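Number of protein chains: 2
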Amino acid sequence: MIEPYTTLMDRYKDLYLLGSTGSILAWDMETKMPPKGIALRSEQLALLQKTLHHMLTDPENGRLIKQAADHPDLTPLQRRNLHLANKEYQEATCLPEELVVDTARQTALTIDAWKKAKAAKDYPAFRPYLEKIYELKLRAGELLMEPKGSDTPHDALIDVSDPGVTAHQLTRLFDEMKSGLIPLIRKCVDSDSQPDTGFLKRKIPIDTQRKITDALAQAIGYDITSPQAGGRIDETEHPFTTGYYDDVRVTTHYHEDKFDSNIFAILHEGGHALYEQNLPREWIYQPVGTACSSGLHESQSRFIENIVGRSPEFWTSFYPKLREITGDALADVTPELFVHAVNLVKPSKIRIEADELTYGLHIIIRFEIERDLFAGKTTVDELPQIWNDKYASYLGVEIEDDSEGVMQDTHWAGGAFGTFQSYALGNIYGGMMLEKLNADLPDWRSQLSKGSLNEVKAWLKENVHRRGNLYDAPELIKKITGKTLTVTPFIEYLETKYSKFYSL
Amino acid sequence: MIEPYTTLMDRYKDLYLLGSTGSILAWDMETKMPPKGIALRSEQLALLQKTLHHMLTDPENGRLIKQAADHPDLTPLQRRNLHLANKEYQEATCLPEELVVDTARQTALTIDAWKKAKAAKDYPAFRPYLEKIYELKLRAGELLMEPKGSDTPHDALIDVSDPGVTAHQLTRLFDEMKSGLIPLIRKCVDSDSQPDTGFLKRKIPIDTQRKITDALAQAIGYDITSPQAGGRIDETEHPFTTGYYDDVRVTTHYHEDKFDSNIFAILHEGGHALYEQNLPREWIYQPVGTACSSGLHESQSRFIENIVGRSPEFWTSFYPKLREITGDALADVTPELFVHAVNLVKPSKIRIEADELTYGLHIIIRFEIERDLFAGKTTVDELPQIWNDKYASYLGVEIEDDSEGVMQDTHWAGGAFGTFQSYALGNIYGGMMLEKLNADLPDWRSQLSKGSLNEVKAWLKENVHRRGNLYDAPELIKKITGKTLTVTPFIEYLETKYSKFYSL
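Residue numbers (our numbering), protein chains in the order written: chain X, 5 to 508; chain A, 5 to 508.
Don't take every hint at face value.
For identical chains, the list gives no copy identity; a pair is met inside one copy or between any two copies.
Each computed SDA-like pair below joins lysine to any residue, with the alpha-carbon atoms no more than 20 angstroms apart [to be verified]:
#	residue 1	residue 2
1	K262	I329
2	K191	K504
3	K394	L49
4	K461	E496
5	K381	E135
6	K54	R15
7	K207	V337
What the hints contain is simulated information worked out from the structure, not anything from laboratory work.
Bear in mind the structure is a predicted one, so any value in this text is a computation, not a measurement.
One chain only, chain X, in its complex shape (with noise of 0.2 angstroms):
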């Protein structure tokens, strides 16, 4: 028996515990609360939000974890914990009150005029605004570049999402990965094969297509029925996944003319909700029985959305499942269409209506950015001119207003710095993961047009899964893969794909 050791997971049980009800708080206020109880519950969620941060932030921990480290005899997973409980101490502790106070309130002011400016296509009202969150969070920084042993601010807020990755890492795998994609989705728009996707705006009642999100949920095993289901689907606005272990929710949007939308939503989330279900048993209620961070949560969520969803394999088992449920609705779309049409490539303004191929640009743009102004080479005011350039060279778009371009996203708003590599990221580790199981299963997607996704699924949950939050996630690659991190896999999946749809 360590005793701080003990006394701190203790703790930290309490810790998950609280942090758990305010997700199912949160969850409800999304899903299923009556629209007056809004007063209220934002009253509930601040006090759990208070008494959590007065939790994490006591200054007991410091001690426990100091006086735990000094012992001899800790095993590596212990180690570990005391690592991540270090690590979210210093996070919460390094930072002032006040300045704590001063980015919540400058986050909503700015945000507020975010949705204003973002409304009269008035980014010169934003300016001022965005300058200010990001000179807070610049402040932050600066202020986590000691705990965490980081070399920049950037570096610093970067590690708060995706631990032990850094700009500079992210500038080599971008540049590798912008190098692979610009050319493939040049091919892919200049290709002749351009399939017909006019039939993805055909009316599906929404009742119809809830018996498909049962049907996805069935094929993904993503259980919300039997007597031990640990996860349900409701909907939102957003999608989204949240839950602990045997309690994972997932939702979804339905949108009577895009049926295809409630389709992705469902794998997207289903494959965050997997990773979190699979999360080790035994390790409940510690710092290694989460995911292991941003980027990683990313992997799995597109693994399944894109790799597997998005697969001829996949359709060939669940196109006449589809098919059946929907009725004559698709009665003359062959397989192979709906197949390609679901994987359009199409340079667009918006992100988050990007397809698989274009999608990293749209995050490299943002990095890009991100990691200049943070390295002072460039500043706020200049963001619209640089984000036009990019997309017109990346992409090929012209953007038109700074609503559809600089101003689209509420993240920066937000002061959601450094958390946007976490989607590209996801794309990297998913292609390095592919690779690995291709060699481990070499007939998964025979499987997989069977009907099968057993396989698969066990050797994520194996691989990854069940490796909880045991290493930052460059290092679980490496024990996966064996390999630091490259982009290769990912764009040599991608050239192989496309290359068929596109007859390139």
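On the provided structure of chain X, position chain A as indicated by the hints.
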């Protein structure tokens, strides 16, 4: 500014926020939670309970209450808040932790023994467990006597649910009630005017019943659909109401061949919900901003369920809607027959299946047994015989085994001594309110038959709901009616109503 008072009220705000957080988690557990989530949920709720208890029993609260009470300039409302805070503080702190822990453990054991003994119809197997939980509650009652100023342990326990009410008073009231109910029930049973109730077993599909639910919610003004709605209706095996101010939720249950079960569940729980929603907004997060007592709460649910919801006038307006929703199912059932059928008087063994008239006797039997047990006039060993004798004498029914007798309810097994009286008090309070309503709004029944419940609801809001917890129930009733507690109005209401149905 009265410093200790405002500090105390700030603490109370956190208590109500955390308490209402627990309510949402408990609601979610019953209605939405994936089944696998139960272990995690139990831990979340246990932590909230522990935290709430810790906040409530903090000795600083006791000091603040004392300091605040010394201030000469307190308003009556502030004095009431201090009185209620002190009551809660005393109830939470006067029991030694050992007793609390023993009681929690014994409750779990006794409920488990009750389930098994009930299934096996084996009271002797249950008896020792019941004795233990009774001894623990007796000890709690003894310890609560002093802070509550109660004369007996039983009175102290009653005072927790129904402050200001004693066993002595209840004996007087319930004797009066018995002598009114027993002959009236006999006359109804002996009458030749018996309704045919067979149509109540006709199958009404659940989806149709959901439409009845929505129409009933609209009829009583329990808003579940508008953008300002503060309520919602979900499904559970046992209907209940939970929530706080702007987020008050009810549940119902659907049985295809008992469609009236849902109807009266909605009306009953709707009555509870309207009370909670109408508490004075300016008293939110204060002790006065809560319902007055269990008995008073029950008066509101029964007012809407029985006095309104089983009245001929309500069905004059609502029956056409019911027929419209149910298609041909009730085409041959006259409104008169329908109303009589849902007011069938039929003595039975099981409390939760009892009608409006016989229900009170089920409660009185339990109260009398409890009272004599706590007074040492009877023993746990003798309960089955006493139970069966009283059922034969008051209700004229013969209990064949203890599973349908003394072991039918879970309450005593769960240690809920001193709580049954609330149900019958609810009827008494409701009768007195009705008498005053008749005087204040002589044409409320004719309004109701035209489909308007507005003035009745406004009356209840003004006289009951908006007074929150400003007075103990007997004092509140005096404020409303000018009278001390009396059963006469309730019995007169029943005699008038049932004389018509049964041509007495």
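Hint-by-hint comparison with the structure:
1. For the identical chains of this complex, K262 and I329 are intra-copy neighbours only, at 16 angstroms inside a copy versus 34 angstroms across copies, given an alpha-carbon limit of 20 angstroms.
2. Taking identical chains as interchangeable, the C-alpha atoms of K191 and K504 lie at most 20 angstroms apart only when both belong to the same chain, with a minimum of 12 angstroms there against 87 angstroms between chains.
3. Taking identical chains as interchangeable, the C-alpha atoms of K394 and L49 are never at most 20 angstroms apart, the minima being 40 angstroms within one chain and 51 angstroms between chains.
4. Taking identical chains as interchangeable, the C-alpha atoms of K461 and E496 are never at most 20 angstroms apart, the minima being 22 angstroms within one chain and 70 angstroms between chains.
5. Taking the shortest Cα distances, K381 and E135 sit within 20 angstroms of each other inside one copy (15 angstroms), while across copies they are farther apart (80 angstroms).
6. Taking the shortest Cα distances, K54 and R15 sit within 20 angstroms of each other both inside one copy (16 angstroms) and across copies (14 angstroms).
7. With identical chains, the CA atoms of K207 and V337 are at most 20 angstroms apart within one copy only, with a shortest distance of 14 angstroms there and 43 angstroms across copies.
Checked against the numbered hints above, the structure breaks hints 3, 4 and satisfies the rest.
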